[in-house]
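K.L.:
Next come the chains, spelled out residue by residue.
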Amino acid sequence: MDRLELQGLSKRYGRLRVFQGLTAEVRSGQVLVVAGPNGSGKSTLLRIIAGLTHPTAGQVCLFRDGRLLSPEERRRQTGLVAVDVALYGELTAWENLSFFARVRGLGLSPEEGEALLAGVGLAGRGDDLVQNYSSGMRQRLKYACALLHRPGLLLLDEPGANLDEAGRAIVEAIIARQRQNGLVVLATNDPREVAFGDVVLHLGARP
Amino acid sequence: MRTVRLWCAAAWAICAKDLRTEFRTRYALSAIGLFAVTTLTVISFSLGPLGLERDLLGALLWVVLFFSAMAGLSRTFVHEEEAHTAPALRLAASPGAVYMGKFLFNLLLLLALEAVVLPLFVVLMGLEVGHPGAFFLALALGDLGLSGVTTVVAAMVAQAGARSALFTVLSFPLLLPLLVSSIEGTRLALEGKDIGTVWPSLQVLLAYAVAMITAALLLFPLIWASPTRSR
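So the sequences go chain by chain: A and B.
First residue of the first sequence: 7, per my numbering; consecutive thereafter.
First residue of the second sequence: 447, per my numbering; consecutive thereafter.
The hints are simulated quantities; they were obtained by calculation from the structure and are not laboratory data.
Take these hints with a grain of salt, some might be off.
Said to hold, decoys possible - A few chain A residues that face chain B, going by a derived Cβ cut-off under 7 angstroms, partial list only:
1) 81
2) 89
3) 91
We treat Cβ as the ideally placed atom computed from N, Cα and C, and that holds for glycine.
Sequences are here, hints too, so could you generate the full structure?
P.N.:
Structure (structure tokens):
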């Protein structure tokens with residue numbers, strides 16, 4: 007992934023202005039941190055970058071090999087971890103991984119699945135139903151699912167949410183690895199996580 | 447060719463995921479099944495002794511199937527939104543594959559419902575089928591159209607409030623031509639008319655299903671990929 011450009015992004019819900027005229031650019035290997043108080047539109051911005059929500063104005067441009075990717079290609083290149091994006095509680099962790107691999111057209115062997123789970127500290131827990139997981143374990147599984155297709159763009163909304171120190175260390179390792187493979191955008195209030203940013207975008211509180 | 451194969455595999459994966467979830471929770475099956483059995487029992491006690499004509503029995507069968515479908519077929523999308531799993535699915539799968547996977551799941555759910563309702567209908571209402579081939583063909587084609595329409599309407603209402611009421615209100619006008627033709631085709635099949643007589647109704651049902659599923663596939667990306675509520 008070459009670079010990500012946010013060009014004059016604005017978002018309104020009716021008369022409510024969430025943000026206006028956001029512009030930023032990050033290149034491969036960099037981390038864009040979106041910081042700001044609660045309600046400033048950090049999660050909305052991540053959803054817009056992911057293509058899950060339309061901006062009121064402006065556009066998101068993701069380039070690979072100098073070529074602008076279509077929204078469909080951008081979707082395929084994106085991995086998203088967010089507190090309000092859930093996995094299937096009625097399925098086991100392994101079934102979740104297998105499902106997301108199949109809908110993305112990937113083959114996933116049990117060994118690869120186990121390696122992914124081990125990478126987020128869930129080794130040996132693949133056959134447990136996700137609804138029986140703690141919130142921290144669910145957050146770890148979201149990372150495994152988001153990294154399944156080796157995304158060029160990794161979007162992390164409150165990346166340390168629900169995680170203990172060991173979990174946060176895993177996330178830091180994931181961010182460091184992703185820097186070598188592409189781009190990271192993370193939305194946070196945590197000063198420790200803001201420090202990861204090569205480019206920091208501060209969103210203000212709405213009046 | 448590879449793209450088509452991947453698309454079909456993704457659609458089947460979504461259908462299989464929903465089936466697995468349904469077998470573990472039995473939410474939609476319970477809602478649809480209980481509604482169908484209760485309605486059928488009430489009808490049989492109130493109208494059974496009257497010895498209804500076959501044309502009325504055909505209409506009653508479709509009324510039971512229609513309202514049972516309204517009771518549970520929206521579940522497939524409503525659950526994705528309520529459980530907050532929809533964004534992950536939006537990112538991972540193409541809209542067409544999502545529609546086809548959910549459509550297949552709803553179709554299988556309807557077939558499972560009919561496997562329960564039809565024997566009960568035969569026993570409780572004394573249903574006799576004059577032309578079984580035409581009868582099952584009318585049912586199958588009716589199911590295709592019913593699933594095709596309810597799947598896309600379910601995706602629309604899943605992002606709104608008052609989902610149950612909206613689902614029925616929006617589905618009914620779209621399904622009216624299907625219900626009319628299904629009831630007509632079923633009546634002729636029950637009366638044992640030859641396939642040539644039933645064929646025009648079956649043609650209408652087939653054309654309706656093809657038109658609705660094609661339109662749904664074309665419109666679905668706009669419905670599925672444009673959530674406006676989320677922040």
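K.L.:
So, for every hint listed, does it hold in this structure?
P.N.:
How the hints compare with the structure:
With 7 angstroms as the threshold, the beta carbon of residue 81(A) comes within range of chain B, its nearest partner Cβ sitting at about 6 angstroms, so the hint holds. Residue-level restraint check for residue 89(A) is violated (minimum Cβ-Cβ distance to chain B is 9 angstroms; threshold 7 angstroms). Restraint check, residue 91(A) versus chain B: the minimum CB separation of about 5 angstroms is within 7 angstroms; hint holds.
Violated hints amount to a single one, hint 2; each of the other numbered hints is respected by the structure.
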